[in-house]
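Numbering (my numbering), first residue to last: 4 to 245.
Source of the hints: derived by calculation from the structure; they are not laboratory data.
Glycine residues also receive a C-beta, built at the ideal position from the N, C-alpha and C atoms.
One or more of the hints may lead you astray.
Stated by the list, open to error - Here are the simulated DSBU-like cross-link-like pairs (lysine-lysine), alpha carbons at most 35 angstroms apart as the crow flies: (1) K212 to K41; (2) K27 to K183; (3) K41 to K164; (4) K164 to K209; (5) K122 to K111; (6) K121 to K111; (7) K40 to K27; (8) K27 to K16; (9) K111 to K164; (10) K111 to K74; (11) K156 to K212; (12) K156 to K183; (13) K190 to K240; (14) K122 to K212; (15) K111 to K156; (16) K183 to K111; (17) K16 to K209; (18) K240 to K27; (19) K41 to K27; (20) K240 to K111; (21) K74 to K41; (22) K27 to K209; (23) K240 to K41; (24) K183 to K164; (25) K212 to K190.
Said to hold, decoys possible - Label pairs and their calculated CB-CB ranges: (26) E237 to E160: 36 to 44 angstroms; (27) I78 to D33: 15 to 23 angstroms; (28) K74 to D135: 21 to 29 angstroms; (29) L66 to E150: 13 to 21 angstroms; (30) Y123 to L59: 23 to 31 angstroms; (31) G99 to G15: 29 to 37 angstroms; (32) E220 to N112: 31 to 39 angstroms; (33) L59 to S101: 34 to 42 angstroms.
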Amino acid sequence: MIVFPAIDIRNGKCVRLTEGRFDKETIFGDNPEEMAKKWASLGAEFLHVVDLDGALAGKSVNLSAIEAIVKNVDIPVQLGGGIRTLENIEELLSLGVSRVILGSVAVKNPNLVREACKKYGDRIIVGIDARDGIVAVEGWGVSGGVEADALAKQMAEVGVKRIIYTDISRDGMLSGVNVKATARLAKLSNIAVIASGGVSSIEDIKAVKAVEGSGVEGVIVGKAIYTDSLDLREALKVAEGE
């Protein structure tokens, strides 16, 4: 199982939001590149980066910060936030981003996801962000009007190999991962799923590890590693089965 340290970028800074709300922001660093180096130095094998300004703008915004991260760490980076065109996908992959996360566009234009999967294969991930089982789009501010389970099945049909499932109500709340819903989504869609939202302690890492057999292949950790309620090195050991 992979543990993905999260780096959320807003106005060029490393921040965390609570429940995806832009009015509930905590700044944890002025330099996302240095934060990326820190997590890599502690043993992270993959980084999860989100361009929060991009999520609102509907296109990548923090390109200089993203490029600095990619060029200065030796581990792969997956990136999400407002990526809604094939041109934007191509731009990011050419910068050195390993995997691109599509969110709102998966709801609004599944044919684009199909095209992207044909062209780039498993370098395309779909982020399904849900509140009470209903998908939210456009920086989590708008209901997508579709159930997470139904969207996951649809994405499987268009060729998606991997989903990130976020329970928005738990994101940034340190209230525990929605392990049950994450495992169910993996089984229903028959796609690899990365858990996101709510990690608060090593117990959450153990809980996600316990459903690895359901198709849950990783977990994203954010606020917990920034506030020291979770030690990244310990989480990595649990993920490796130590």
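Hint check results:
1. K212 to K41: Cα-Cα ~24 angstroms, so holds.
2. K27 to K183: With Cα atoms ~27 angstroms apart, K27 and K183 stay inside 35 angstroms; holds.
3. K41 to K164: holds, 29 angstroms
4. K164 to K209: Answer holds: K164 to K209 is near 24 angstroms, not above 35 angstroms.
5. K122 to K111: Since the Cα atoms of K122 and K111 sit roughly 19 angstroms apart, the hinted pair holds (cutoff 35 angstroms).
6. K121 to K111: holds, 18 angstroms
7. K40 to K27: holds, 26 angstroms
8. K27 to K16: Distance of about 15 angstroms is within 35 angstroms: holds.
9. K111 to K164: holds, 19 angstroms
10. K111 to K74: holds, 32 angstroms
11. K156 to K212: Distance of about 23 angstroms is within 35 angstroms: holds.
12. K156 to K183: holds, 17 angstroms
13. K190 to K240: holds, 26 angstroms
14. K122 to K212: Holds: K122 and K212 sit about 32 angstroms apart, inside 35 angstroms.
15. K111 to K156: holds, 15 angstroms
16. K183 to K111: It holds: about 27 angstroms lies between the C-alpha atoms, which stays within 35 angstroms.
17. K16 to K209: holds, 31 angstroms
18. K240 to K27: holds, 32 angstroms
19. K41 to K27: holds, 25 angstroms
20. K240 to K111: violated, 39 angstroms
21. K74 to K41: At roughly 14 angstroms apart (the allowed maximum being 35 angstroms), K41 and K74 satisfy the hint.
22. K27 to K209: Answer holds: K27 to K209 is near 28 angstroms, not above 35 angstroms.
23. K240 to K41: holds, 17 angstroms
24. K183 to K164: It holds: about 20 angstroms lies between the C-alpha atoms, which stays within 35 angstroms.
25. K212 to K190: The given pair, whose Cα atoms are some 15 angstroms apart, holds under the 35 angstroms limit.
26. E237 to E160: 36 to 44 angstroms: holds, 39 angstroms
27. I78 to D33: 15 to 23 angstroms: Distance hint for I78, D33 holds at roughly 22 angstroms.
28. K74 to D135: 21 to 29 angstroms: The hinted range 21 to 29 angstroms is violated for K74 and D135, with Cβ atoms some 40 angstroms apart.
29. L66 to E150: 13 to 21 angstroms: Violated - the Cβ-Cβ distance for L66 and E150, about 34 angstroms, lies outside 13 to 21 angstroms.
30. Y123 to L59: 23 to 31 angstroms: holds, 25 angstroms
31. G99 to G15: 29 to 37 angstroms: violated, 19 angstroms
32. E220 to N112: 31 to 39 angstroms: For N112 against E220, whose Cβ atoms are near 26 angstroms apart, the range 31 to 39 angstroms is violated.
33. L59 to S101: 34 to 42 angstroms: Violated: the Cβ-Cβ distance is about 24 angstroms, outside 34 to 42 angstroms.
Against the hints set out earlier in the document, violations occur for numbers 20, 28, 29, 31, 32, 33.
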